[in-house]
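Visitor: Sequence:
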Amino acid sequence: MADIIQLLPDHVANQIAAGEVVQRPASVVKELLENAIDADSTNIKLIVKDAGKTLIQVIDNGKGMSPTDARLSFERHATSKIRNAEDLFQLNTKGFRGEALASIAAIAHVELKTKQDGKELGTCIEIEGSEVKHQDVVVTPKGTSLAVKNLFFNIPARRNFLKSNAVELRHVIDEFHRVALAHPSITFSMYHNGSETFNLPESNYRQRIVNVFGVKTNEKLVPVEEATEVLTISGFVGKPEFAKKSRNEQFFFVNNRFIKSAYLNHAINSAFEGLLKDGAQPSYFLNLTVNPQTIDINIHPTKTEIKFDDEHTLYAILRSAVKHSLGQFNIAPVLDFERDANLDTPYNYQQKNAPSVEVDRTFNPFEEEVKPIKTTSSSNSFSGATTFKKEKVANWEGLYVGLESNTNAIETDFSEVTFESEPETTSIFDNDKDVEHKQTTYQLNNKFIISTIKSGMLVIDQHRAHQRVLYEDYLKHITVKEGVSQQLLFPLELHFSKQDIEIIQQLKEDLEATGFVFTHIKNEIVVITGVPVNVPESEVSIILEQLISDVENEVPDTHFSAADLLAKSMAKSLAIKTGQSLTNTEQEHLVNRLFACKEPSVSPTNKTTFITMTVDELEKKFM
Numbered sequence: 002m003a004d005i006i007q008l009l010p011d012h013v014a015n016q017i018a019a020g021e022v023v024q025r026p027a028s029v030v031k032e033l034l035e036n037a038i039d040a041d042s043t044n045i046k047l048i049v050k051d052a053g054k055t056l057i058q059v060i061d062n063g064k065g066m067s068p069t070d071a072r073l074s075f076e077r078h079a080t081s082k083i084r085n086a087e088d089l090f091q092l093n094t095k096g097f098r099g100e101a102l103a104s105i106a107a108i109a110h111v112e113l114k115t116k117q118d119g120k121e122l123g124t125c126i127e128i129e130g131s132e133v134k135h136q137d138v139v140v141t142p143k144g145t146s147l148a149v150k151n152l153f154f155n156i157p158a159r160r161n162f163l164k165s166n167a168v169e170l171r172h173v174i175d176e177f178h179r180v181a182l183a184h185p186s187i188t189f190s191m192y193h194n195g196s197e198t199f200n201l202p203e204s205n206y207r208q209r210i211v212n213v214f215g216v217k218t219n220e221k222l223v224p225v226e227e228a229t230e231v232l233t234i235s236g237f238v239g240k241p242e243f244a245k246k247s248r249n250e251q252f253f254f255v256n257n258r259f260i261k262s263a264y265l266n267h268a269i270n271s272a273f274e275g276l277l278k279d280g281a282q283p284s285y286f287l288n289l290t291v292n293p294q295t296i297d298i299n300i301h302p303t304k305t306e307i308k309f310d311d312e313h314t315l316y317a318i319l320r321s322a323v324k325h326s327l328g329q330f331n332i333a334p335v336l337d338f339e340r341d342a343n344l345d346t347p348y349n350y351q352q353k354n355a356p357s358v359e360v361d362r363t364f365n366p367f368e369e370e371v372k373p374i375k376t377t378s379s380s381n382s383f384s385g386a387t388t389f390k391k392e393k394v395a396n397w398e399g400l401y402v403g404l405e406s407n408t409n410a411i412e413t414d415f416s417e418v419t420f421e422s423e424p425e426t427t428s429i430f431d432n433d434k435d436v437e438h439k440q441t442t443y444q445l446n447n448k449f450i451i452s453t454i455k456s457g458m459l460v461i462d463q464h465r466a467h468q469r470v471l472y473e474d475y476l477k478h479i480t481v482k483e484g485v486s487q488q489l490l491f492p493l494e495l496h497f498s499k500q501d502i503e504i505i506q507q508l509k510e511d512l513e514a515t516g517f518v519f520t521h522i523k524n525e526i527v528v529i530t531g532v533p534v535n536v537p538e539s540e541v542s543i544i545l546e547q548l549i550s551d552v553e554n555e556v557p558d559t560h561f562s563a564a565d566l567l568a569k570s571m572a573k574s575l576a577i578k579t580g581q582s583l584t585n586t587e588q589e590h591l592v593n594r595l596f597a598c599k600e601p602s603v604s605p606t607n608k609t610t611f612i613t614m615t616v617d618e619l620e621k622k623f624m
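For the sequence shown, the working numbering puts the final residue at 624, and the numbers step up evenly by one.
None of the hints are false.
Here are the simulated DSS-like pairs of lysine-lysine, each with C-alpha atoms no more than 27 Å apart in a straight line:
(1) Lys221 <-> Lys523
(2) Lys164 <-> Lys50
(3) Lys246 <-> Lys523
Simulated from the structure, these hints should not be mistaken for laboratory data.
Generate coordinates for the entire structure from the input sequences, incorporating the hints supplied.
Guide: Shown next, in the form of structure tokens:
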């Protein structure tokens, strides 16, 4: 029998390996930025076109590479970061696998220009699908410029699986944020399709957070500082009143490396227990410094997962540090044992007798003489008399001159006048109290509406039912462009980050169709002068934040889908919540509106809105 096992060619092996390292354009951005940081760069520029599908270029002023190093950098498992296995437990660099550039070169067109400090000329290498096309001497500034063009050009299936430009750009910006926040001492800038998206100068950590997420972020931050033998914590957490439903402002950095850890995230949530609204997520930007020997980074090619030697200790220290900061800055309520009890208001103060006031209700100021008003109290007694006299108006008889003759001319005997009697309406009931106003709906646990039908009963989820009603209303307004707006007495000014402003700009036309009126959307500020009818002013910021979160998770490509997503998001934000009590009239109105919808059986997210239970099913329960 012939042998069937064979070695794969290098270009095939590289494409397979690229599937782990390069999942989307954001993966390339992460690897190139981290390489620039490892090269001791102080100024890094990221240039992106078409969300990275056409071009991803990173330019740095690092130490550069020699011609030999430039060629070897594209070989698999070739790296300058480690020398032996023991170095894996003493990592002080971002990369160490030696797979990134080889994987990128296997599925894209790559152009590398690099020059070391003190050299007159640099090196230029062009690679297409792991095949080196050119290597020449070139004039270039100190540092490295690496351009990745036409990502997945030789793997069309992978390219077809990429999301829309808006979604891919969102992932690119997320990776840019993670790297930029971890290194505030480095100047970063980002350009997308020729326009500047971010320009982050060298700064401290707090200022870097503000530059990334907007000026309004500064007032939200609470510093966290803790130093122990096991762990050193520094950074900031957000104040509870500014918590959002999205997780966009949650960052853990371990030894300046961004990581994801559900376990440590639970420690933060535990520290905020009792301070957040239902469904809100805390914001945090925390740097954790630990001994490199106590962690294992070599878990996944993306290096966002880390194994700790003693997670329980880290959990306890992190939770305690955050809780201490919230209490120290008067964010969380604490017990003050040093309070002077003598300054407190006594509990029995309300039981003391208050002065009583008595008023003479027979007092009439238009009488000739008026009785005095007496006012008494527990401590003081007042008595006084005030006399009022009605003055006569001089020559008042002159007002009626000429009217006497007219009144004498018209003599009317009112005893002979007859008036039309009130019309009598008959009723089948002698007394209105005999009329029975039958109640057809009932509310159960402030969550379900029970309604009777001919065959049994109907159980309706009030939150999902109202979502369906609002969804169809908003969708009709958006598509027909006939949204009704109510003007605000004072303009509403909201603050958002730069990327959030871009999303609002994209959806501005659809938002205006629902009834929103914008007068200014620029420089992290949105000014609103009109909102849809029945939308309270206090809910506007919540609606827009929820909409931005929904768009970030699923940005549609077509206009109709954008309108559909907008209608779903607004309906979810404004629908009656579980636990809200409804009157009988409101219950009946909701039931009638639900069954007037085109699809009353499911909510906008395809969840059941109501169930029916027939009489036969009820009878079986008692058998």
